[in-house]
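So the protein sequences, as listed, match chains D and E.
Be aware that the first sequence starts at 1, since it is given in the working numbering, and climbs by one per residue.
Be aware that the second sequence starts at 1, since it is given in the working numbering, and climbs by one per residue.
The hints are simulated quantities; they were obtained by calculation from the structure and are not laboratory data.
The model shown is predicted, which means the values in this text are computed figures rather than measured ones.
Built from N, CA and C at the ideal position, the CB exists for glycine as well.
One or more hints might be untrue.
To be verified - Computed footprint of chain E on chain D, listed as stretches where at least three residues anywhere in the stretch have a Cβ under 8 Å from a Cβ of chain E:
no., segment
1, 199-208
2, 258-272
What the hints assert, rightly or not - Sample of chain D residues lacking proximity to chain E, with all beta carbon distances greater than 10 Å (derived):
no., residue
3, 27
4, 28
5, 119
6, 159
7, 177
8, 224
9, 234
10, 238
11, 239
12, 241
13, 380
14, 424
15, 429
16, 457
17, 470
To be verified - Derived contacts from chain D toward chain E, CB cut-off under 10 Å, selection only:
no., residue
18, 40
19, 138
20, 175
21, 180
22, 233
23, 236
24, 323
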Amino acid sequence: MVGYGENGSVVGPQNTPTTSAANGIWTLGELTESMRDGTWPKPFAGWMAEYNPNITRSGTPAPAYYGISFDLDTNNGVVLCGIAQHSSANGGFFGKITSSGTLTSTHDYLLGPTSNAFTMWSLTVDTSNNIYTGGDWSVGAPYPGLWRTKLDSSLSEIWFNDVSDEAMRIAANATTYSNSNYGLRASPNGNACIDTGYGLFQSGYNQFYEPVRASDGYSLRRWSGHKAFQNASSSTSMGSSTQAMDLNNTNMLVMGRVYNSSYGGYINFLNAGGNTLSNQPNKCYVKPSNGSSSSFYFGQSTSKMYKTAANNNRYPWLSHAESAATVGAVNFTNCMTLQQWNYAAGWNLIDLQAQFFVNAADSPASPAPTQLLPQAMEWDSTDTTLYILCKDNGNKPQQNYLMAYTPGTQTIEWQRKVYISKTGQGSGTFQSADTHDLVIDSNDEFLTLVFNTTNSGVSSNKIVVMKLPVDGDGTGTWTVGDYTVVYEASNITKTHETNLTAFTNAGMMNDHTQVNYANDPGTPTSTSMSGSVIEGSK
Amino acid sequence: MDEEFVDDLPEGIAAQPDDFELRPYQHDPLTNTWVPIDLWR
Chain D
1 MVGYGENGSV VGPQNTPTTS AANGIWTLGE LTESMRDGTW PKPFAGWMAE
51 YNPNITRSGT PAPAYYGISF DLDTNNGVVL CGIAQHSSAN GGFFGKITSS
101 GTLTSTHDYL LGPTSNAFTM WSLTVDTSNN IYTGGDWSVG APYPGLWRTK
151 LDSSLSEIWF NDVSDEAMRI AANATTYSNS NYGLRASPNG NACIDTGYGL
201 FQSGYNQFYE PVRASDGYSL RRWSGHKAFQ NASSSTSMGS STQAMDLNNT
251 NMLVMGRVYN SSYGGYINFL NAGGNTLSNQ PNKCYVKPSN GSSSSFYFGQ
301 STSKMYKTAA NNNRYPWLSH AESAATVGAV NFTNCMTLQQ WNYAAGWNLI
351 DLQAQFFVNA ADSPASPAPT QLLPQAMEWD STDTTLYILC KDNGNKPQQN
401 YLMAYTPGTQ TIEWQRKVYI SKTGQGSGTF QSADTHDLVI DSNDEFLTLV
451 FNTTNSGVSS NKIVVMKLPV DGDGTGTWTV GDYTVVYEAS NITKTHETNL
501 TAFTNAGMMN DHTQVNYAND PGTPTSTSMS GSVIEGSK
Chain E
1 MDEEFVDDLP EGIAAQPDDF ELRPYQHDPL TNTWVPIDLW R
């Protein structure tokens, strides 16, 4: 009840305003106090929209778009990129949508002729509104390799690849691909980049991490003596993989998987340190604290570094454990785990641990989902609230979930299911919506979500973009172009078992000096296209 | 390099497929098979 007056209603009982309703007649004093206290209803200021890039070659629009990555510019506008499927060869595209949902540009992006197939991943916009992205290509060169570029806010090129536009491989003449979730990733202030890929090296497909100078795209290892590194399996034929990676303005984190016969099989490594890799990062290996290291390993994972300097040298990430391990009170197979490497408190401390479990009753899928898989995470500007975007393992349909979690109080502040389906193709058909980014705006007011979708098993040529308030408002069933979006409360549960520990910081990380530069994959060109956006409604 | 590494596959791990050098594969520990890495091409 507000303090100024008590005449919420002149007829009937007194009323108390909430953020969703203020029935009755109110004095200006009551209105002012309620707005001050954040208890007065306010209009929904977010939006949902369907974006059709309509990337057209030879009169034919691309039938599908994949691997969408995005970031926000300093006006909180959405800058996104992805892969456009074409019959000639897949290529890239860019789209820009303002914070109010207006499409301002769409560009077809080529590396040479349209026959040059390539991928592009992991877009970053820095605080000067410059854009960083990259990927791999295969056509027109003897061995696939990685390309990278920095563009200004008008998509004009600032740099492309290393000196003389040379592209990167894990070693000379070694087939090399871009990591599909991490590619080229830049720090928010644009002072550092790390190019992440994997290639056929030492009889396996092994990942590697190359520091890149943000001002000119040159390798810091090649030209300034910084360190590229890789984590090898004890048998290099087993290869290695990257599962989470991020940069903030000072530091970097990599989490991945290797096989090591000394520790019973697959294990997960962590690398963390300065984001320009002037020195090799610190390292450790993770296992269940109450059990063996034997074949405990994470699958789908994501990370977002902290934003405040007070949290330097703390490295959070979300994972789904693939191994069939019940350790202590937790069956890791069925949960999504949150944890951090608290290096500031000691190399072997894994804390902040929480386990999240799907509630089958939230999903219309049959059979019911049993697992939660992380898609993306994001911190508010004070590192107080963690926003988590994850999906269940239901196929018909597969559903996303968005929640606000406060680690300091171990509280889920709110949670929502985000069920995106093609209208008329509901439960019982394969529906999925995928993403690997979640970005909060500069005012800590809205979260942006961008999904590419598969509907009835067919990849779609439409992209779903959402700007949602950080208080979980906007619930209901939305019609968004061709899609129906159900945004409603969900019932994920959690526990707080402290079951993970770092067990060694010795060995297994290499100073990777063999990174090679050669061959130009083709001159980039960018062509304006006439995409379209349809705003959704409830 | 910090440790001794070998390139022989560990005992019990399935052999790499014949086209291993032509397309990327990752070992799936759950099924002990080599699974092509989807390249989105």
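Hints, one by one, checked against the model:
no. : hint    : result
1   : 199-208 : holds (count 5)
2   : 258-272 : holds (count 4)
3   : 27      : holds (60 Å)
4   : 28      : holds (58 Å)
5   : 119     : violated (6 Å)
6   : 159     : holds (25 Å)
7   : 177     : violated (6 Å)
8   : 224     : holds (23 Å)
9   : 234     : violated (6 Å)
10  : 238     : violated (6 Å)
11  : 239     : violated (6 Å)
12  : 241     : violated (6 Å)
13  : 380     : holds (32 Å)
14  : 424     : holds (27 Å)
15  : 429     : holds (22 Å)
16  : 457     : holds (15 Å)
17  : 470     : holds (32 Å)
18  : 40      : violated (48 Å)
19  : 138     : holds (7 Å)
20  : 175     : holds (7 Å)
21  : 180     : holds (7 Å)
22  : 233     : holds (8 Å)
23  : 236     : holds (5 Å)
24  : 323     : holds (8 Å)
Checked against the numbered hints given earlier, this structure breaks hints 5, 7, 9, 10, 11, 12 and 18; the rest are met.
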